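Visitor: Each chain, letter by letter, is given below.
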Amino acid sequence: MRGRRAGALGLAPWGLFFAVFGIFPLAYALALSFLAYNPLRPDLVRWVGFDNYARALTSPSFWHALRTTVLFVVGTLPVTLTLAYVVSGLLASVRRGQGFFRAAIFFPATLSMVVISLVFKSLYAEEGLLNGWLAAASLGRVHWLQDPVLALPSIMLMDVWASVGYYAILILAARKTLPDEQLEAARLEGLSRLQVERRIVLPHVRPVLLFVVLLNTIRSFQIFIEVFVLTRGGPLESTLTLVYHLYERAFYHFEMGYASALAYLLLLLVGVILIVQRRMLGGDPADAPA
Amino acid sequence: MGEAGDPKMRRWAAATLTVAVSLMLVAGCGKKAAPKNVLVFWQFSPITAIQPVIDRFEAANPGVDVQVEQLTWQSGREKIVAAIAAGRPPDLCELGSTFLPGLVADSTLVDLTDRVADMRPALFGWDVASYRGRAYAIPWMVGTRALFVNDLLVKRAGLDSGARIQTWADLRKTVQTIAERVPDARGFGMNTGEREILFKKFMPFAWGNGGNILDSTLTRSVMGSPQNVEALRFYLSLKPYSLLDRQEMHEQAFTSGRIGVVISGPWLIRKLAQEAPKIHYSIQLMPQPALNRGTHASFAGAEVLGIFRGSKRQAAALELARFLVQPENTMPVYIATGNAFPAATAAGLDTYFNRHHQESRFLDQLPTAVAPPLHPKWVEIEEIVNGELEEAIYGRKTPEAALQSADARIDAVLAAKP
Numbered sequence: 000m001r002g003r004r005a006g007a008l009g010l011a012p013w014g015l016f017f018a019v020f021g022i023f024p025l026a027y028a029l030a031l032s033f034l035a036y037n038p039l040r041p042d043l044v045r046w047v048g049f050d051n052y053a054r055a056l057t058s059p060s061f062w063h064a065l066r067t068t069v070l071f072v073v074g075t076l077p078v079t080l081t082l083a084y085v086v087s088g089l090l091a092s093v094r095r096g097q098g099f100f101r102a103a104i105f106f107p108a109t110l111s112m113v114v115i116s117l118v119f120k121s122l123y124a125e126e127g128l129l130n131g132w133l134a135a136a137s138l139g140r141v142h143w144l145q146d147p148v149l150a151l152p153s154i155m156l157m158d159v160w161a162s163v164g165y166y167a168i169l170i171l172a173a174r175k176t177l178p179d180e181q182l183e184a185a186r187l188e189g190l191s192r193l194q195v196e197r198r199i200v201l202p203h204v205r206p207v208l209l210f211v212v213l214l215n216t217i218r219s220f221q222i223f224i225e226v227f228v229l230t231r232g233g234p235l236e237s238t239l240t241l242v243y244h245l246y247e248r249a250f251y252h253f254e255m256g257y258a259s260a261l262a263y264l265l266l267l268l269v270g271v272i273l274i275v276q277r278r279m280l281g282g283d284p285a286d287a288p289a
Numbered sequence: 000m001g002e003a004g005d006p007k008m009r010r011w012a013a014a015t016l017t018v019a020v021s022l023m024l025v026a027g028c029g030k031k032a033a034p035k036n037v038l039v040f041w042q043f044s045p046i047t048a049i050q051p052v053i054d055r056f057e058a059a060n061p062g063v064d065v066q067v068e069q070l071t072w073q074s075g076r077e078k079i080v081a082a083i084a085a086g087r088p089p090d091l092c093e094l095g096s097t098f099l100p101g102l103v104a105d106s107t108l109v110d111l112t113d114r115v116a117d118m119r120p121a122l123f124g125w126d127v128a129s130y131r132g133r134a135y136a137i138p139w140m141v142g143t144r145a146l147f148v149n150d151l152l153v154k155r156a157g158l159d160s161g162a163r164i165q166t167w168a169d170l171r172k173t174v175q176t177i178a179e180r181v182p183d184a185r186g187f188g189m190n191t192g193e194r195e196i197l198f199k200k201f202m203p204f205a206w207g208n209g210g211n212i213l214d215s216t217l218t219r220s221v222m223g224s225p226q227n228v229e230a231l232r233f234y235l236s237l238k239p240y241s242l243l244d245r246q247e248m249h250e251q252a253f254t255s256g257r258i259g260v261v262i263s264g265p266w267l268i269r270k271l272a273q274e275a276p277k278i279h280y281s282i283q284l285m286p287q288p289a290l291n292r293g294t295h296a297s298f299a300g301a302e303v304l305g306i307f308r309g310s311k312r313q314a315a316a317l318e319l320a321r322f323l324v325q326p327e328n329t330m331p332v333y334i335a336t337g338n339a340f341p342a343a344t345a346a347g348l349d350t351y352f353n354r355h356h357q358e359s360r361f362l363d364q365l366p367t368a369v370a371p372p373l374h375p376k377w378v379e380i381e382e383i384v385n386g387e388l389e390e391a392i393y394g395r396k397t398p399e400a401a402l403q404s405a406d407a408r409i410d411a412v413l414a415a416k417p
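Chains as they are written, first to last, in numbering that gives the first Met the number 0: chain A, 0 to 289; chain B, 0 to 417.
Next comes chain A alone, as it looks inside the complex (with noise of 0.2 Å):
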């Protein structure tokens, strides 16, 4: 009883912080998405119930930001999977300066997605490194993103370099709880390289993969710095994510009732994919080797 008193306790704390950063702006989001609310003229809330739902679901720019979310996120989740399992069996093969290649790959990850983005944002310039490097190929230029085409795949190539060395290193880190015997003896067995891939390591870290689906797909619908800094949504619409037009209708048009009834709608929309993921690759990410 003492011990869960002090447990409790301890817990206090975060508890605290969770109620009046999380639960509290979660709640009263959700009351604003109700209502139509601009904070410029409080006098003239008022209650719209569903209205600002069904507005979202009838509006073209809702769509085309969605569709836009969605590329963005089946675009670069299976790339950023398949290369940060691939580097982390890379570096649990490195023998030499094993320390130095997982540093450096974690690196992008310790800085602030405003910093990647401003570096992006000159490489990809017109008169950029990248078009240097282009032209002293004697190949053509490339508007990076100037290209309606091209800059939602711009965004998505720096959103994968940032994240992959994260997640390659959260995979490596399940490899690593792998018993040496248990790949000895399957090496013994006589079994190819690709062969433990698939029949041991790949099971094994299974749900460390499932947990870097959830946390890349949470993460991924959210994109917003990548697309303030580098093209605010343009050109021609091509990079409006979710997010950002939630963030044009809240502090360019005011609607803060409507920008709420975007936030639990995406809210809503990320959590049914999470379920279904879970559901399709089977464990639980709590399962993952310690």
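It is possible that some hints are incorrect.
What the hints assert, rightly or not - Distance ranges between label pairs, derived from CB positions:
(1) Ile196/B x Phe23/A: 35 to 41 Å
(2) Lys154/B x Leu129/A: 40 to 46 Å
(3) Ala30/A x Ile196/B: 34 to 40 Å
(4) Ser74/B x Phe23/A: 20 to 26 Å
(5) Ile196/B x Gly9/A: 50 to 56 Å
(6) Ala85/B x Gly14/A: 48 to 54 Å
(7) Phe49/A x Ile196/B: 45 to 51 Å
(8) Glu274/B x Ser137/A: 26 to 32 Å
(9) Ala415/B x Ala134/A: 47 to 53 Å
(10) Phe223/A x Pro51/B: 35 to 41 Å
(11) Trp132/A x Gln325/B: 52 to 58 Å
(12) Ala272/B x Ala103/A: 36 to 42 Å
Said to hold, decoys possible - Covered stretches of chain A, going by a simulated chain B footprint (3 or more residues, C-beta under 8 Å):
(13) 77 to 87
(14) 103 to 117
(15) 203 to 216
Keep in mind that the hints were calculated from the coordinates and are not lab data. Remember, predicted model here, so these are calculated numbers, not experimental data. All residues carry an ideal CB built from backbone N, CA and C; glycine is no exception.
Start from chain A and add chain B according to the hints.
Guide: Here is chain B on its own, set in the frame of chain A:
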């Protein structure tokens, strides 16, 4: 327990406490001064630029303590909205002219018309701060754009570097010749990838050609007018010779001598002085359609000072605003920042401009600069104009189709109930 229960210790502790409390009371009484009237002022210039001016104001008004805070252009808007929503806005706030219409529409700013009537002759930019004849802010700084021309590239293209670009035809000839004759150089900087500023780059050509965004009653769109269509056709004719990129990249390319003509503001002068002191360039007025018609129109923006209804110190805030817009107080801020010019008409006579001829070219540009309409639905209108211009620049729509579409969409926004 044992120590605390000791009567000797208790007496000692009580004596110490008594002395400590007495000392605190004495110290508190001794330092107590008359309470100051705290005035909160939010603005966008570096604190180092504004603080000396504020210090002078405080020295002249001993009872006032001005708390200055610097906003950033990236997040200032959100911060202001949040403060208004929380019921704790600053007493005085610098506002961008494009942000102002929304605030006016939502009645968050104090109507200053009757209290600033005496200031009208002394300041430029009242049209940017007024809606339907009522002034909701005080012009502080005004800004415009002009042509930056790389004279060396003009010369290398075989053109007369001393000749002025006066008309659209001159501009097209210059940018085309540079693009065609100078290896690795582009003629003109055409903005892409940042739709939020497209209207600022195109509308000068339309305004100069007699076009506009809304009619004089602000109730109908005139975006599809023949004047605007002609201007957009001309603007798009520069595309083959242009660097299609963001403004920041245009300025970078101009600094490194790889672009002939860009439209920019006075901040580029300082950048060039620091990063490319040897570059030969001239600043010229925006071109007019032809020598015998149109004007040298440019975009006019302003930084205005607004007082929120939620402020409890409106009179003191107005006093501070009156102080800030005086030429002797705006000039130091301009000299420190170099972004926008003092709205005070007398500031143009400052000897600083005799020594800085390039910067004074912007003062020549200001009289023909045009501000976008201060309309409560400006955010929506601007979004439509930028979106349709982007469609035209990317070749998705013809100039006629883009501007007619803008017409229809803006009229729908104007007709919609708030």
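Visitor: Which numbered conditions among the earlier hints are violated in the structure presented, ordered from lowest to highest?
Guide: 2, 6, 7, 13, 14, 15
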